[in-house]
Amino acid sequence: MNTKLQSVRGTHDHLHKDMYEYNYIVNKVCSISANYGFKQMSTPIFEFSNVFKRTLGESSDIVTKEMYTFKDKGEEEITLRPEGTAGIVRAIISNGLAQEMPFKAFYHGPMFRYERPQKGRLRQFHQVGVELLGVKKEQADIEVIACAKQVLDELNIEKFSKLNINSLGSIDDRQKYVKALVNYLSSYKNKLSKDSLMRLNKNPLRILDSKSEDDISIIKNAPKLSEYLNSFSHENFKNILEGLENLNIKYIINENLVRGLDYYNDTTFEFITDKLGSQSAIIAGGRYDSLMKQMGGADIPGIGWAGGIERLILLSTINEIKRKHISIIPVGEENNNICIDLAHKLRNKNIFSEMSYSGNLKKRLKNANKLSSNFAIIIGTEEVRNNYGLVRNLETGKQKKIKLAEIIEYIEKILL
RNA sequence: GCGGGUGUAGCUCAGUUGGUUAGAGCACCGGUUUGUGGUACCGGGGGUCGCGGGUUCAAAUCUCGUCACUCGCCCCA
Numbered sequence: 001m002n003t004k005l006q007s008v009r010g011t012h013d014h015l016h017k018d019m020y021e022y023n024y025i026v027n028k029v030c031s032i033s034a035n036y037g038f039k040q041m042s043t044p045i046f047e048f049s050n051v052f053k054r055t056l057g058e059s060s061d062i063v064t065k066e067m068y069t070f071k072d073k074g075e076e077e078i079t080l081r082p083e084g085t086a087g088i089v090r091a092i093i094s095n096g097l098a099q100e101m102p103f104k105a106f107y108h109g110p111m112f113r114y115e116r117p118q119k120g121r122l123r124q125f126h127q128v129g130v131e132l133l134g135v136k137k138e139q140a141d142i143e144v145i146a147c148a149k150q151v152l153d154e155l156n157i158e159k160f161s162k163l164n165i166n167s168l169g170s171i172d173d174r175q176k177y178v179k180a181l182v183n184y185l186s187s188y189k190n191k192l193s194k195d196s197l198m199r200l201n202k203n204p205l206r207i208l209d210s211k212s213e214d215d216i217s218i219i220k221n222a223p224k225l226s227e228y229l230n231s232f233s234h235e236n237f238k239n240i241l242e243g244l245e246n247l248n249i250k251y252i253i254n255e256n257l258v259r260g261l262d263y264y265n266d267t268t269f270e271f272i273t274d275k276l277g278s279q280s281a282i283i284a285g286g287r288y289d290s291l292m293k294q295m296g297g298a299d300i301p302g303i304g305w306a307g308g309i310e311r312l313i314l315l316s317t318i319n320e321i322k323r324k325h326i327s328i329i330p331v332g333e334e335n336n337n338i339c340i341d342l343a344h345k346l347r348n349k350n351i352f353s354e355m356s357y358s359g360n361l362k363k364r365l366k367n368a369n370k371l372s373s374n375f376a377i378i379i380g381t382e383e384v385r386n387n388y389g390l391v392r393n394l395e396t397g398k399q400k401k402i403k404l405a406e407i408i409e410y411i412e413k414i415l416l
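Quick note: the first sequence uses our numbering, first residue 1, plus one each step.
I should point out that these hints are in silico values taken from the structure, not numbers from a laboratory.
Misleading hints may appear alongside valid ones.
With a straight-line cut-off of 25 Å between C-alpha atoms, the simulated DSS-like cross-links for lysine-lysine are [unchecked claim]:
1. Lys324 / Lys400
2. Lys293 / Lys345
3. Lys220 / Lys194
4. Lys194 / Lys162
5. Lys189 / Lys162
6. Lys275 / Lys322
7. Lys324 / Lys275
8. Lys345 / Lys403
9. Lys28 / Lys211
10. Lys119 / Lys17
11. Lys119 / Lys179
12. Lys366 / Lys398
13. Lys324 / Lys398
14. Lys400 / Lys366
None of the values given here were measured: they were computed from a predicted structure.
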């Protein structure tokens, strides 16, 4: 194989099959979320770098090492979006939509992260997501999670996934907790894993979901985030869990579920799977009540989730439904035009018609078979002279002479 | 960013201790007489063995580098 011409590392061409699945998933999320009132929107795939730097957290991995950032020809610092929420919130502020609360958006598109590629982890990948802004109450959390659950249900991958949920409390609560956690962990400095030692300064919460066995045993006795929640957060979380139970949505409370992005507070959740190796999250989200204010907008709360489309594709088994169609086969070049004309008329009637372009009749029928056409219309000189076409059923092998004037009507009937 | 594995035709792979024109299946193209497909039979095209160095009389086979994929860590969707 000549590998001189290849796509950039971590990027992938979506050919027909992938696109079919991609669109299937996007359409599913679109129609399901529409039942909750989410309306589609789209934002640019690049933003001023600050949109992400300020919101995701200066110390987060995404900002410090994974962003595609560059200066454009106008010397503006630009970043290819690593996630969707910041752009949506920016767009709401930019367009003065803060007046139209609650605001519910559904979006999909490419995201960019400079990471080490792996199965289910690409540098250009695609997400579908949903954002609900302007509702602080637990109904929003419940609805948003229910929507994600329904998506997984309808994609038939719910059985591979488990909903993990946690509450991070307010940002104040979290800061207090982090202090306590660091304080506790500091006395185990010589036992913590290398990675966790680094995280102790940078992102101590991350130590909670460390996979190192030593770390896990230390964490067992660490202070719990749940003990630091204020009464509102505590009550809120309880209500959300009750709400989920009412809807029969099973969940696992995972006290170690923390998010990599700074803007989250209170509810955080992930639908995780064990089918994708170390890429376990398929849909993840949470509440971000301070994000908009932090970006310079109004003080409006929000909650949302995003799902990785490539990961969803890997888990789902989507069978393409082939559209019924016919192949139109001229026999003899002199009959091309009458066939093109027929194809044109059929297409205008919204009938999927393949033209047979070259070869003798045998080859053309073979080709029609390869295209899995349901019928073939064969028109040669003899047919033209007598004003009919041969309509061949490619499954049964039976064929009929049909008058040219009636052929469109006939096809409409048999394709039903 | 760290550690391991892999890389041979469009696809899935085989290739014995380095040795002559690198193989199979599927796919593709053509044929089995002239206007009839799906099956069968026959034939054909296609690979500088990811790329670049090195060792050797000789390398797809050994070695180094590089690129890509993949697994674990990390991170996350």
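Going through the hints against the structure:
no.	hint	verdict
1	Lys324 / Lys400	19 Å, holds
2	Lys293 / Lys345	57 Å, violated
3	Lys220 / Lys194	18 Å, holds
4	Lys194 / Lys162	30 Å, violated
5	Lys189 / Lys162	33 Å, violated
6	Lys275 / Lys322	29 Å, violated
7	Lys324 / Lys275	35 Å, violated
8	Lys345 / Lys403	15 Å, holds
9	Lys28 / Lys211	34 Å, violated
10	Lys119 / Lys17	18 Å, holds
11	Lys119 / Lys179	36 Å, violated
12	Lys366 / Lys398	16 Å, holds
13	Lys324 / Lys398	17 Å, holds
14	Lys400 / Lys366	19 Å, holds
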